[in-house]
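If you read the protein sequences in the order shown, they are chains A and B. Read left to right, the first sequence gives residues 1 to 113 (the working numbering). Read left to right, the second sequence gives residues 114 to 227 (the working numbering).
Heads up, some of the hints might be wrong.
[What the hints assert, rightly or not] To be clear about the criterion: a stretch of chain A counts as covered by chain B if any three or more of its residues have a C-beta under 8 Å from a C-beta of chain B, and this derived list gives those stretches: (1) 60-68; (2) 80-94; (3) 99-108.
Hints are computed from structural coordinates only; laboratory data are not their basis. A virtual CB, placed ideally from N, CA and C, is assigned to each residue, including glycine.
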Amino acid sequence: AQSVTQLGSHVSVSEGALVLLRCNYSSSVPPYLFWYVQYPNQGLQLLLKYTTGATLVKGINGFEAEFKKSETSFHLTKPSAHMSDAAEYFCAVIGSGYSTLTFGKGTMLLVSP
Amino acid sequence: DAEITQSPRHKITETGRQVTLACHQTWNHNNMFWYRQDLGHGLRLIHYSYGVQDTNKGEVSDGYSVSRSNTEDLPLTLESAASSQTSVYFCASSEGSANTGELFFGEGSRLTVL
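Please model the complete structure; the sequences and the hints are all you need to start from.
In structure tokens:
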């Protein structure tokens with residue numbers, strides 16, 4: 001079985017501040033890990049993914065995430081928040097092969113001027 | 114450009130009625146998925162398909178059915194709508210012979226069951 005836990009349903013930051021969204025996973029096999037973003041009234045879109053290899057993964061819009069096996073974590077960061085980053089962010093995990101993608105409950109990122 | 118479209122985008126129905134939500138993708142992806150999104154629950158998998166004539170139950174499949182007669186379409190049917198099925202429904206697809214986790218999502222269908 002696989003699962004993800006996102007700490008904090010809402011995170012508020014000021015424009016220009018560091019963004020840190022937390023995700024911890026549980027998987028019985030080496031996981032593939034993902035972050036998706038959902039802007040208001042839209043579907044989800046892939047932000048970045050970790051499969052194998054380099055543990056620091058860079059995504060779109062300046063976001064990055066680091067896979068830490070010892071901590072079973074895959075936290076999402078961005079050095080400087082922009083107003084356009086306001087959205088809901090979902091962490092997701094998949095086991096190898098024909099397993100399905102399991103999403104966390106999401107974290108709403110609020111960015112204030 | 115290739116895309117994935119859902120229809121209708123908004124629907125209001127009554128308890129007990131049958132409802133079908135359409136999903137059509139033009140990427141020729143083998144894998145298609147239906148999720149529902151509810152506050153506090155994130156996205157939960159309803160049904161999925163890895164190819165024509167293949168369908169599988171997800172985490173919350175009770176009260177829902179799908180069929181896959183061609184590559185492009187995976188309609189989701191609620192046989193007898195219930196108020197608990199009021200939700201936003203997302204269709205998604207991915208390429209390849211296995212689920213890589215890289216999903217392309219439609220814009221969602223908001224269903225209200227009165």
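Do the hints match the structure? See the list:
{"no.": "1", "hint": "60-68", "result": "violated (count 0)"}
{"no.": "2", "hint": "80-94", "result": "holds (count 3)"}
{"no.": "3", "hint": "99-108", "result": "holds (count 8)"}
Comparing the model with each numbered hint stated earlier shows that hint 1 is the single one that does not hold.
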